[in-house]
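Each chain, written out:
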Amino acid sequence: EAGVAQSPRYKIIEKRQSVAFWCNPISGHATLYWYQQILGQGPKLLIQFQNNGVVDDSQLPKDRFSAERLKGVDSTLKIQPAKLEDSAVYLCASSLQGLGTGELFFGEGSRLTVL
Amino acid sequence: KQEVTQIPAALSVPEGENLVLNCSFTDSAIYNLQWFRQDPGKGLTSLLLIQSSQREQTSGRLNASLDKSSGRSTLYIAASQPGDSATYLCAGWTVGNEKLTFGTGTRLTIIP
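Residue numbers (the numbering used here), protein chains in the order written: chain A, 26 to 140; chain B, 8 to 119.
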């Protein structure tokens with residue numbers, strides 16, 4: 026079974042530029058999550074989707090971050106404009122079952138460096 | 008707000024030793040808990056999931072337990088190997104809070 030796919034693996038941009046990350050969850054997984062992991066810290070939830078609906082985006086900096094999940098499958102996370110403090114690894118995860126149940130499976134992550 | 012503490016932050020032990028990693032939640036109303044492993048530059052790999060009706064889970068040399076009354080979990084690794092070197096993170100779902108909250112991790116080094 027294929028795992029969670031993410032791209033690009035690495036991205037270097039200058040501040041005020043924009044960037045987009047893509048995630049393809051495990052086939053059939055209804056729930057999709059985007060996490061931000063700053064070096065030395067645990068992952069922090071940015072947004073979670075149930076099918077193609079947003080369940081929680083309370084920690085998403087909406088003035089610069091946006092995310093969508095097309096047709097309840099793939100998802101993109103966009104940052105525009107980027108700030109230095111956005112340098113982090115952006116992790117996508119999916120789970121078969123609904124919120125609070127089931128096991129989460131993570132992708133390899135997309136490492137963003139903002140100069 | 009749920010906060011998760013993992014102790015110790017870093018641990019080095021000789022190969023072959025048994026070890027315990029600890030995870031503590033400020034809100035003890037945890038109903039699902041998951042332990043992950045993260046290798047440098049990589050994503051998170053799921054190790055064990057303790058669901059609401061369970062108190063512990065075992066997989067090979069790994070055993071995780073959850074004490075819901077105190078909001079504490081432990082990950083026991085038996086007969087450690089150099090390949091176990093990684094950062095280990097715990098994460099839990101809290102009643103009334105539909106978010107999986109992560110600890111900051113324990114960086115484990117097994118010395119050959």
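Hints are not guaranteed to be accurate.
[Claimed, not checked] Capping the alpha-carbon separation at 30 angstroms, the derived lysine-lysine pairs in DSBU-like fashion look like this:
hint: 1; chain 1: A; residue 1: Lys96; chain 2: A; residue 2: Lys36
hint: 2; chain 1: A; residue 1: Lys69; chain 2: B; residue 2: Lys106
hint: 3; chain 1: B; residue 1: Lys49; chain 2: A; residue 2: Lys108
hint: 4; chain 1: A; residue 1: Lys103; chain 2: B; residue 2: Lys106
hint: 5; chain 1: A; residue 1: Lys87; chain 2: B; residue 2: Lys106
hint: 6; chain 1: B; residue 1: Lys8; chain 2: A; residue 2: Lys108
hint: 7; chain 1: B; residue 1: Lys49; chain 2: A; residue 2: Lys40
hint: 8; chain 1: A; residue 1: Lys87; chain 2: B; residue 2: Lys8
hint: 9; chain 1: A; residue 1: Lys69; chain 2: A; residue 2: Lys96
hint: 10; chain 1: B; residue 1: Lys75; chain 2: A; residue 2: Lys108
hint: 11; chain 1: B; residue 1: Lys49; chain 2: A; residue 2: Lys36
hint: 12; chain 1: B; residue 1: Lys49; chain 2: A; residue 2: Lys69
hint: 13; chain 1: B; residue 1: Lys49; chain 2: A; residue 2: Lys103
hint: 14; chain 1: A; residue 1: Lys96; chain 2: B; residue 2: Lys49
hint: 15; chain 1: A; residue 1: Lys96; chain 2: B; residue 2: Lys75
[Unchecked claim] Using C-beta positions, here's what the derived DEER-type ranges look like:
hint: 16; chain 1: B; residue 1: Asp34; chain 2: A; residue 2: Val80; range: 11 to 21 angstroms
hint: 17; chain 1: B; residue 1: Ile14; chain 2: A; residue 2: Trp47; range: 17 to 27 angstroms
hint: 18; chain 1: A; residue 1: Lys96; chain 2: B; residue 2: Pro119; range: 42 to 52 angstroms
hint: 19; chain 1: A; residue 1: Asp99; chain 2: B; residue 2: Asp46; range: 17 to 27 angstroms
hint: 20; chain 1: B; residue 1: Asp74; chain 2: A; residue 2: Lys69; range: 40 to 50 angstroms
hint: 21; chain 1: A; residue 1: Pro86; chain 2: B; residue 2: Leu26; range: 31 to 41 angstroms
hint: 22; chain 1: A; residue 1: Lys69; chain 2: B; residue 2: Ile14; range: 35 to 45 angstroms
hint: 23; chain 1: A; residue 1: Arg41; chain 2: B; residue 2: Tyr83; range: 45 to 55 angstroms
hint: 24; chain 1: B; residue 1: Glu24; chain 2: A; residue 2: Asn76; range: 41 to 51 angstroms
hint: 25; chain 1: B; residue 1: Pro47; chain 2: A; residue 2: Gln84; range: 18 to 28 angstroms
hint: 26; chain 1: B; residue 1: Ala16; chain 2: A; residue 2: Gln105; range: 46 to 56 angstroms
hint: 27; chain 1: A; residue 1: Gln105; chain 2: B; residue 2: Asn25; range: 25 to 35 angstroms
hint: 28; chain 1: A; residue 1: Gln105; chain 2: B; residue 2: Pro119; range: 44 to 54 angstroms
hint: 29; chain 1: B; residue 1: Pro15; chain 2: A; residue 2: Gln84; range: 42 to 52 angstroms
[Claimed, not checked] Some chain A residues near chain B, calculated using beta-carbon distances under 7 angstroms:
hint: 30; residue: Tyr35
hint: 31; residue: Glu39
hint: 32; residue: Gln66
hint: 33; residue: Gly67
hint: 34; residue: Pro68
hint: 35; residue: Leu70
hint: 36; residue: Leu116
hint: 37; residue: Gly132
hint: 38; residue: Glu133
hint: 39; residue: Gly134
Hints are computed from structural coordinates only; laboratory data are not their basis.
Just so you know, even glycine gets a beta-carbon here, dropped at the ideal spot from N, CA and C.
(message) Let me make sure I understand: some of the numbered hints might not hold for this structure. Which ones are they, in numerical order?
(response) 10, 15, 17, 20, 22, 26, 27, 29, 30 and 31
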